[in-house]
Amino acid sequence: MISEEFEFRAPTKLAEALSLLERYGDDAKILAGGMSLVPMMTLGLVRPKTVISFNHITDLNFVIDAKDVIRIGAMTRHDTVAHHDLIKKHLPLLATAAVGIGDVQVRHRGTIGGSLAHADPAADYPPVMLVAGAQFRIQSAKGDRMVKAAEFFTGLMQTAVGAGEVLSEIHVPKLPAGAGSAYLRLHRVEGSFPIVNAAAVIEKGFKSARVAIGGVGESAVMIDVTKHLSKGVSDQSLRAISDAAYDASGDAYGDLNGDTEYRRAMARVYAQRVIKAAAAQIR
Amino acid sequence: MKYIGKEIVGLPTRQLVAGKGQYVSDVILDGMLHMAIVRSPYAHARIKSIDTKPAEAVPGVVYVITGKEVIENMRPIMEAYDTAAMDAKSVKCYALCPERVRYVGEAVAAVVAEDKYTARLAADLVEVDYEELPVVFDAEEAMKPGAPLVEPDWDSNVMVTRDFIRGDLDKAFAEADGTFSGTINTQRYTGAAIEPRGYVATYDPYQDMLTMWASTQNPHPMRVFLAETLGIPETSIRVIQPHVGGGFGLKIPTFQEEPLIAYLARKLARPIKWIEERQENLLVGGHARQNRLHYDVAYKKDGSVIGFRAKVIADVGAPAALCGWGQSFVTSYCIPTCYKIPNCRVQLFTVVTNKCPWNAYRGYGKEAASFLMDRVMDGVAKATGVDRAEVRLKNFIQPEEFPYSQVSGAMIDSGNYPKALNRVLEMVGYKDFPKLQADARKQGRCIGLGIGQELTPEGCSMPKSTLLSGYDGCTVRVNPSGQVTVLTGVTSPGSGNETGIAQIVADTLGVDVKLIRVIQGDTDTCPYGLGNYSSRSIIMGGAAAQVAGTDIREKMFKVAAKMLEVAPADIDSEDGKIYVKGAPSRYVLFKDVASTVYRDCYGKFASDVEPGLEATRYFRHPNVYHQPEVDGRFSSYPSWPNGVSACVVEVDPETGIVKLLRYCAVHDAGVLINPLLAQANLHGGIIQGLGGAMFENLVYDEAGQLKTASFLDYTIPTAVDCPSLEVEHQETRSPFNPLGCKGVGESGVTAPLGAICSAVENALGHLKLNFDEMPLTPDRVWQEIRHAQQQA
Amino acid sequence: MKTPVEVTVNKKKYKVEVDTRMILADMLREELRLTGTHIGCGTGNCGACTVVLNGETVKSCCIIAADANGQEITTIEGLSSSATELHPIQQAFVENQGLQCGYCTPGMVLSTLQLLKDNPNPTEDEIRHGISGNLCRCTGYQFIVQSIQDAAKRLSNGGQPGASQ
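These protein sequences, in sequence, are chains A, B and C. FYI, my numbering numbers position 228 of the first sequence as 228, with every residue one higher than the one before it. FYI, my numbering numbers position 697 of the second sequence as 697, with every residue one higher than the one before it. FYI, my numbering numbers position 1 of the third sequence as 1, with every residue one higher than the one before it.
Any given hint might turn out to be false.
What the hints assert, rightly or not - Non-contacting residues of chain A with respect to chain B, defined by C-beta distances greater than 12 Å in every case (computed):
no., residue
1, 11
2, 25
3, 39
4, 64
5, 140
6, 145
7, 157
8, 176
9, 226
Stated by the list, open to error - Listed next, the stretches of chain C that the computed footprint assigns to chain A, with coverage defined by at least 3 CB atoms under 8 Å from CB atoms of chain A:
no., region
10, 55–65
11, 125–133
12, 136–143
It should be emphasised that the hints constitute simulated quantities derived from the structure, not laboratory data. Backbone N, C-alpha and C define an ideal beta-carbon position, used for all residues, glycine too.
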């Protein structure tokens, strides 16, 4: 149970929320879906003085086709991400990642913004954001800026979102025509956090290829594997990608679900598998 | 109409499915206070001082209690399992630790407040000054001379030992065609019922009556324990068991919170509630299973085992008043399970460490014995090249050899192990599997088949035990209008025995089962009985119901015989009619006979029977024997259900992921009163076994902190992680139980361990894997594969 | 700290003052006395606290009660009108023995409601995924899966038991 007293605020407009954030600064925690924050408060791991719920701000829940990018409001629930036609069409790997999060109930409530801002090292979205080249809109009462995915995740459960700021939108470029993409996760029981996960995007004709792997460091790592795939997928190219994944996961941590060695080995396996799966999707 | 053997849906299901069940957390009383516990953050420490003032200063806090008040006002918690009767060492454990904590989570103080948030908040403000003491977390380390002592008054950390020997081990090992040795580790895990523990206590000072609603399996024993621990009369306590959201052994008393909340309710004379949080449940709600089992096997070329030594080292955590440590005895008692090994020695070392105490958990040590023997039989098959099933068939106790006295003196009542094994092999397609496996391999898939055998003695009965004994009671009351009230001493934490008991009474009296209302779990209304554990509720409680029902039946037949003008021996009853055998049209209605007894007790039909139609009777199981001083024999388990499983897995050798494709089981629990509920129990047992085999693990760090204290880290299987189960029953009647039943509550939980390990090894046969540790999580399987590849 | 909450639960409007620390599950149970919603873990894993919030199942142990202000909720108590008239899903659970201790059952039933709304004719695999957020320790899920298969038939058959298999 949550034992520490806190003040609860539920603004209905973003501007109101931003001014609250400015006022409370570090004392406030933003409550999105609450799928991580509320359990952490229940377990006593987080004891905020103020909780600002974004659940009543309806204009942060959207999926919009904006020419080259899909704009996703931070309060868009995983279930929407998983099943939205625009996302399924232009970012199928993102839909796949969303479908694997938690379970039905968690996906109904949990949000893409909340998950990204929580920045768990093995969360489902970060590898997808990295390979898709997403940008994150971060707003505060004073400013409005865009941050590239590669610069958004700054460390273990750390992001570029500062005190008084909030992640408000995610802009994910549509995959280039004919590109292949995939997302895979390794987990212990259904719905549990990935042990290791991987996402890949390969442009048609192997013009470019990127793979990102989660669960092998403080945050997901991305590798540009274009050079390895210049002649397409082969045993040799997969071996090179596997080696690159191993090298990129030197900071892998160990926990109950696998030690460093296992995670680095899985970085190899999942890098290869996700590349093969993405290559098979090239049209 | 006969009900025994019929599939009838459990009686409480409508209420429960409507969300109208009444669990302990649903008990909400006016003026109710809430309790929160201050727990030790250290694995072993001396309590230097406790400052309760910061907690007391919180508005809404009503009372703060520490161990000092407890030892001044309460006795040590009464032991659930009598250590003296088992030659085991004991300690005095109190509702709150007065001076020394021995594991992380042990209760040292408690706060009572007007609401639960305040209670928890204030509990976190109680300042306890500790002096850390040396710790020991590994059982074999704890056995070494000079190891830190969990109990400084003991001469070692070994709590109890046993040494069972039969035959000439040296000769057997000398004459063997081959020998091998090994060690297996079973991990620490637990039942984790979805409903955590909880108690609500209230006290009426005018009647001197403490009423306690408890999510417990054993209301009557709990009352005895509370009375002894609080030093108050049993008659001043009423324990009510509301609906219980799963027990699996873990809700057997005696936990610290039970006498604590009872004491506080009396002291404050206000209702108090304590509902365990999940993290507390995983931390202190009882652990089980952690064993290291060393073994040596002597075998002949044909696969027969001629000599076997086993050393059971059980890491039971800190000693407590709970009955969990007894599981280690049962492991040693069961080895070598279904097998006839002429020369056999089983040694037991029950060792205490600075971890959470064991409490009973479904399987109660039997699972470790059966898992060990599965590993041994697979080992013999590997060593000799004889087929795994063949090795088992060769070593089984044969059907005509029962009752069979095992090395420990255990008297196995009956069984037909070869028949069950042959049937499960047929179900799973054992003969054709190699072809299937080869075909899969050609497609790059690694599939494997495994066999797991289980023997689960039931109806645990230990000498001088308040809790564990082979009897139970039942009241059958036929009411004036012919409906029947049945009050039992056994309880149902969701397992459905109330339905089985209704079926038994319906058949005994010859009435519609709908006329029967079964009442359980209230010490003020039900006859004294021991509640639910060791699959005993039907074998003891069902038999007691039959005995009590038979008394009433005989009485009613006497009256009916007069009404029908025949001899009592000439009548029978069915469908609410008591009729003349061979002339069913000559009958009286059951309800009219009842009415006659109650309303016309001076009349010509009922004047020579005692008024009333109520009988309370007790059943004592004939296959228990507790008089070793007379003839050296000791038999504590009357009933020996058994089963065998065969499963098929697919292993991804690159990741270590194991997927269970099929799971077949044949089970023999004797006569099934309600095959639907028996099947339901088996499904649950098998999946808990699967959890232990593949997913669940209570992990401590090097400081004795539990790293798996929530369901985020203690992963129990979801519906997606479970296969559809294929289960069949075989019926070998118990020759000792009047119903022929053997019990089914713990069945199924054991075989998955051996079967899954065996199947994973079989899937990667070329690597010669050997799993001696669980659970088979992806990383463990991967490590094992890599290790084997490096060896090759 | 207290905060006012107005909610519609099972079509009935409620106005309560709750402690901000209170989770939605506790508000339903302790303030509204709808104790059919159970709490098994507090961390959003077991699903015993599943309720329907604005038409979608959620885990009410992971929602701050105050955050439910202005929302519409259905709990297990909202499914059947009386003891004699269970919802077809509940009836299917009864007849298939889709429960033992009953503690996870309200959540299981509501997840089934969601599943069959989204997918009236699910495969066994889809059923298992549909209830993967609801842990059960008694049944091994087998009779639950059977109950849901039966419930699907009943719902497509006007609430009556489906034609025999």
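A quick look at each hint next to the structure:
1. The beta carbon of residue 11(A) sits about 25 Å from the closest Cβ of chain B, which is more than 12 Å, so the claim that it is off the interface holds.
2. Non-interface status of residue 25(A) relative to chain B is upheld: no Cβ of that chain comes within 12 Å, the nearest being about 24 Å off.
3. Interface exclusion of residue 39(A) from chain B breaks down, the closest Cβ pair being 7 Å apart, not more than 12 Å.
4. With a least CB separation of 33 Å from chain B, residue 64(A) remains clear of the 12 Å interface cut-off, as annotated.
5. Here residue 140(A) stays apart from chain B, with its beta-carbon at least about 32 Å from theirs, past the 12 Å limit.
6. The Cβ of residue 145(A) lies farther than 12 Å from every Cβ of chain B, with a closest approach of about 33 Å, so its non-interface assignment holds.
7. Remark: the non-interface label on residue 157(A) is consistent with the geometry, its nearest Cβ contact in chain B lying 15 Å away (cut-off 12 Å).
8. No Cβ of chain B approaches the Cβ of residue 176(A) within 12 Å, the least distance being about 30 Å, so the stated non-interface status holds.
9. Taking the minimum C-beta to C-beta distance to chain B, about 25 Å, the non-interface status of residue 226(A) holds against the 12 Å cut.
10. Using a Cβ-Cβ cut-off of 8 Å, 8 residues of the region 55–65 of chain C lie near chain A, which meets the minimum of three, so the contact claim holds.
11. A count of 4 residues in the region 125–133 of chain C with a Cβ less than 8 Å from any Cβ of chain A is obtained; the coverage claim is therefore met, three being the minimum.
12. A count of 0 residues in the region 136–143 of chain C with a Cβ less than 8 Å from any Cβ of chain A is obtained; the coverage claim is therefore unmet, three being the minimum.
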